[in-house]
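Participant: Given next are the chains, with one letter for each unit.
Number of protein chains: 2
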Amino acid sequence: MIQNLTEHDREHLQEALNKSGQKVTPQREAVFTVLLAERDHPTVDEVFNRARVVMPGLSLATVYNCLETFVGCGLVRQVNHERESTRYCPNLAPHAHFRDKETGQVHDIELPPEVMKSLRSILPPGFDSEVIEISFLGRAQAKDTHSN
Amino acid sequence: MIQNLTEHDREHLQEALNKSGQKVTPQREAVFTVLLAERDHPTVDEVFNRARVVMPGLSLATVYNCLETFVGCGLVRQVNHERESTRYCPNLAPHAHFRDKETGQVHDIELPPEVMKSLRSILPPGFDSEVIEISFLGRAQAKDTHSN
DNA sequence: CTTGCGGATTAGACTCATTCTAACTGATTA
DNA sequence: TAATCAGTTAGAATGAGTCTAATCCGCAAG
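Top to bottom, those sequences are chains C and D. Just so it is clear: in the first sequence, position 84 is 162 by this note's numbering, and no numbers are missing. Just so it is clear: in the second sequence, position 79 is 157 by this note's numbering, and no numbers are missing.
Worth double-checking, as some hints may not be accurate.
What follows is a list of derived Cβ distance ranges for each label pair [said to hold, decoys possible]: (1) D:E208 <-> C:D118: 21 to 27 Å; (2) C:E89 <-> D:R130: 54 to 60 Å; (3) C:E89 <-> D:L138: 47 to 53 Å.
Listed next, the in silico DSSO-like pairs over lysine-lysine satisfying Cα-Cα at most 30 Å (straight line) [claimed, not checked]: (4) C:K97 <-> D:K179; (5) D:K97 <-> C:K179; (6) C:K195 <-> D:K195; (7) D:K179 <-> C:K101; (8) C:K179 <-> C:K195; (9) D:K179 <-> C:K195; (10) D:K195 <-> C:K179.
Quick caveat, the hints were computed from the structure, so don't treat them as lab data. Idealized CB from N, CA, C, for every residue including glycine.
Could you put together the complete structure from these sequences and hints?
Facilitator: See the structure below:
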């Protein structure tokens, strides 16, 4: 069931949008709510279907727009795996993604700072990187703790 | 200019194909040759255009087929970046990819074993991974040493 | 030989995630 | 009230990749 945003999350949304000169709209709120409600790295279609329950007139194009906006102002991250549909993830802490070969589920894997550091250290001089993407493919036997 | 395969490379191709019960064909040879000739992570289209010079009748579908076959028998790796066209890379040593934001060029970054190890160590128990993909996005000022 | 088989190749149709376009909405400003 | 402008909308367009059905070709059996 989709809860409303907490006060804190609403502020977070508003602040991020305002900072890049954009407004909070009912559609953006709905999409953001969906993302926070079930942190299972949904595809655009999944977000669309979940959000439609709450806002029937919502269009797919708007979901694309909202998500792009959120990515642009740093509210969510895109997760790409091979050429599958892009997924979205509201976890902003540095983390890698683990994709279960069998279930297709995506799990967040925390990235300790020292690992980040050792990764950055392998770049030859002259290479300056802003974004590092790390993804594992394999099997997870874990009884689903949290699939963030 | 596209050279022929060296004896060594041809054997490598033949062995890998035979091992998975497939044959060396002129098309596969042409595609493999293109991949080895310019190790700049070409897209399927780029491979197609380069190979056509040497083999005019070659079809795009065949290039897709050949590349898929090669990936299947471990001859080349796929390189995906966001949702851009898939690129192909004949470098089999463990390495990460660095994508230049400006030029779009992809560079290989060597992955020392200890970094691989530290990466594997961040997986919680129960997570078992076969493939690790690491990609950087940023800017490289390096005067192109080698863009493998 | 020549026939038949199976893997490989081919052209073109198809799929489907994503992007684009042009019209519309609704809040805010002049 | 009119003009403006960001945001939304439906549907068309795009384009990488996949599928399909026909053909090709090398080779083993007759």
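Participant: Work down the list of hints and note, for each, if the structure agrees.
Facilitator: Comparing the hints with the structure gives:
1. D:E208 <-> C:D118: 21 to 27 Å: holds, 23 Å
2. C:E89 <-> D:R130: 54 to 60 Å: holds, 57 Å
3. C:E89 <-> D:L138: 47 to 53 Å: holds, 51 Å
4. C:K97 <-> D:K179: holds, 24 Å
5. D:K97 <-> C:K179: holds, 24 Å
6. C:K195 <-> D:K195: holds, 14 Å
7. D:K179 <-> C:K101: holds, 29 Å
8. C:K179 <-> C:K195: holds, 28 Å
9. D:K179 <-> C:K195: holds, 21 Å
10. D:K195 <-> C:K179: Given pair K195 (chain D), K179 (chain C) holds - Cα atoms ~21 Å apart, limit 30 Å.
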